[in-house]
Amino acid sequence: MAYSLSAAPEQPGSRFLRRALLPALRLLVTLAVTFLGLLAVTFFIGRVVPVDPVLAAVGDRASHEVYEQTRSALGLDQPLWQQFLIYVGKAVRGDFGTSVLTANPVWEDIVRVFPATLELATVATLIGVLLGVPLGVLAAVHQGRWPDHLARLIGLVGYSVPVFWLGLMGLLVFYAKLGWVAGPGRIDVMYDGLLAPVTGVILLDTALAGEWAMFHDALRHLILPAAILGYYSMAYLSRMTRSFMLEQLRQEYIVTARIKGLPERRVILRHALGNAAVPLITVIALSYGNLLEGSVLTETVFAWPGLGLYLTGALLSADMNAVLGATLVVGTVFIALNLLSDLLYRLLDPRARP
Amino acid sequence: MPPLRVRSLALATAVLLGALGPAAALAATPKDMVVMAAQLDEFITLDPAEIYELVPTEYAANVYDRLVTIDPADPSQIVGSIAESWTVSADGKTFTFKIRQGLEFHSGNLLSAEDVAWSLQRVIKLNKGPAFILAEFGLTPENVEQRVKAVDANTVTLETAKVYSPSFVLNCLASWVSSVVDKKLLLANEKDGDLGNGWLKTHEAGSGPFKLVAWKAGESVIVERNDAYWGKQPAIKRVVLRHVPEAASQRLLIEKGDVDIARNLGPDDLKALAGNADIRIRSVPQSAIYYMGLNTRNPNLGKPEVQEAMKWLVDYRGIADNILKGTYEVHQAFLPKGFLGAIDEQPYRLDVDKARALLEKAGLKDGFSVTIDVRNAYPSPEIAQALQANMAKAGIKLEIIPGDNKQTLTKYRSRTHDIYLGQWAPDYMDPHSNAQGFAWNPDNSDSSKFKLLAWRNSWDIPKLTQESEAALAEQDTAKRTALYQSMQREFQKNSPFVIMFQRVQPLAERKGVAGFVFGPINDMVYYSGITKQ
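As you go down the protein sequences, you meet chains F and C in turn.
Sequential numbering from 142 applies to the first sequence in the working numbering.
Sequential numbering from 1283 applies to the second sequence in the working numbering.
What the hints contain is simulated information worked out from the structure, not anything from laboratory work.
Check each hint, because a few of them may be wrong.
[Stated by the list, open to error] Here are a few chain C residues that sit away from chain F, every Cβ distance over 10 Å (derived from the structure):
| id | residue |
| --- | --- |
| 1 | K1431 |
| 2 | I1561 |
| 3 | G1811 |
[What the hints assert, rightly or not] Cβ-to-Cβ under 8 Å is the rule here; a few derived chain F residues that face chain C:
| id | residue |
| --- | --- |
| 4 | L196 |
| 5 | V199 |
| 6 | G200 |
| 7 | A203 |
| 8 | H205 |
| 9 | V241 |
| 10 | T243 |
| 11 | A244 |
| 12 | L312 |
| 13 | Y316 |
| 14 | A317 |
| 15 | V330 |
| 16 | T441 |
| 17 | A444 |
| 18 | S458 |
What you are looking at is a predicted structure, and each value in this text was computed from that prediction instead of being measured.
Glycine residues also receive a C-beta, built at the ideal position from the N, C-alpha and C atoms.
Chain F extracted, bound-state conformation:
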């Protein structure tokens, strides 16, 4: 070697270590601790719920022998900490156990129900962002005038009207009376089971297969629940956008931009919204995360077989494997969205870059 490694002011290896490997390791440790904590809390809460899980499995009238046999088959006769260790040990190896309620491996259930929620939440968030952000911008720019009042009215309804009521009214008007959209469920019965799920997201699956009649049917089923959830997301996002924009519009750089003679559209969209977008991203990610947990009431009203219905059913029957599996999914979604919004944050805000 012609040069000594120690003489190098910055070792390429150590820079890699500091810039990428260490943060990645730190992230991994954080993730592991977060998941373990999540599991522990869910597990122990699940065990103090005053519901007998054996009852869900064998029914109210099973004989004593059957009851005891099932109790030990479920591992409930062991000490709590031991049950937890066994569960975590299996989960690490990718085995989340079998759901009592559906008789399927929990993982299979989640693969089936999560895409339904993902589809609904994604379209709802798109609606919320596409309508809510412009509405918020308009409300801020026209503060105190009618676009602002409109945004406030929408926000008020969004905060005060319960989602199941709005869902039922939506069904009554747009499905029962006007016939613009299809009713509860994800797809019409005649199409049910015709297409093997690839991604589980029906819009994607039908589009990939070129089944446009089915695509259209699925869209007609999706649009109402998505619009209702999207409405709540819009109500929230427009209020948040408005306040972020108002804050930016008061800043000196806006005055400077205007003095420089920039067109007003550019001042608002590029300068003000560009800066308001930074905190807005986090807000959008959180609202998306909330929808991805599965909206229980919306899923009930629209008979939408998603994660929310699955998790509630499992909780009420003390179907612990299913509850833990679904909680892990929700946790993963939140962590992933947080990471994503951190990443976007850095892209949008140069100050946040290392």
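Position chain C relative to chain F; hints supplied.
Below, chain C alone, put in the same frame as chain F:
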């Protein structure tokens, strides 16, 4: 000029709405398919040896055959199904069944006496939730191979431990748990000696008029006509049960014609549909009994005077008319109408003065406070509130504790409740199912192996227990009927149970749909006769 036009917002809205496209033609269900909106959250397994909830037994009734079935037109009549004929030995303990020849399972395998015997043995060996129905005959995993045998290819014998009323044995053999399963197919799918249970949870191995197409937990169950069925061919090709948890959603679906039958409508929905010419509503009596269980461990509730006072403090008629509105009717005996030995006497009505006098006699002139555990779903909270209002008139302060079904049941089974408000549905079409529930408690200790209703309310009843057992063994049906009638009268007078209502199932069907047989228990709900124009 405003820098940003409101137009941009309108444009975005238009783009979103445009994606919807023109509204498609009204979607009616296809002619050869019947779609039902139902609540399917209790579907947890498809194995008849494991099923114990209501709607799943109906699945077994349509996909599987049994040795014998109950005639839905006259529930006191047992008719042959897989069994062509049967005889009972002179000592009353051996039942011999002749099997119909040439029957086939959906798999194409031949159905023989061996399949029948193996199916019954399998229930006892698996020992799941509903095994108690057959275990009743004294069958255990150890003795079942001797007691249930295929004597030859067409003959099966069943030997009971004691003498039972033949109607009882046949009624149990007519229940879903006695469904005949395809031995060859199940053994081919057996894992770790589970007799095919793991596989059958999500598949089928039947010979019935319908075949399983798909079960998606929490979504739908789809069955299709078995074109090779030995008996009467079903008229309809496909039957789809869709899980629609919300009653109002069910109503909208049937109004639009997206479902043909709606099964879980509430009083408001029924009222709204009453004037609709496209929809027919009928009420079918069901076997579920709605009652209050008074835990006698509570010193006040243990007093006979208080128990009787409670029976005078229920506004039976008012609750039926104003809350239940056609979904339940007043009934005050533990056997539901339609069952052997049922009585329709209603000795109780709301009478606050009588109740007050009884409370005074019990030394509770100023009343007392007590809690009631109530399932958090219609109609229980509404009924509980009505009870609360009337009990207050006699000084009883009723505190309502709402909870999920399984939660209140867990508490009930641990005997830590004061009053339990809920339903009980018999498991099979025989009076013993309810007599055992309400009037049989062989061991009142905490370690009892039988935690049925009398036990749950700590009601120690050696005499009634004995009477229940005598009725169970009675060979003469007329005498058996009389025994149950006198037990019920005694029970009405003196018991910690306030029996109030019997379920009536309102069914909404689209015009043109006919022939849906809806028996008093889900095990007698048949799709074969359904036609659609």
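Now for the hints, and whether the structure bears them out:
no.	hint	result
1	K1431	holds (23 Å)
2	I1561	holds (13 Å)
3	G1811	holds (21 Å)
4	L196	holds (6 Å)
5	V199	holds (4 Å)
6	G200	holds (4 Å)
7	A203	holds (4 Å)
8	H205	holds (4 Å)
9	V241	holds (7 Å)
10	T243	holds (4 Å)
11	A244	holds (4 Å)
12	L312	holds (5 Å)
13	Y316	holds (6 Å)
14	A317	holds (5 Å)
15	V330	holds (5 Å)
16	T441	holds (5 Å)
17	A444	holds (5 Å)
18	S458	holds (6 Å)
Violated hints are absent here; each numbered hint is respected by the structure.
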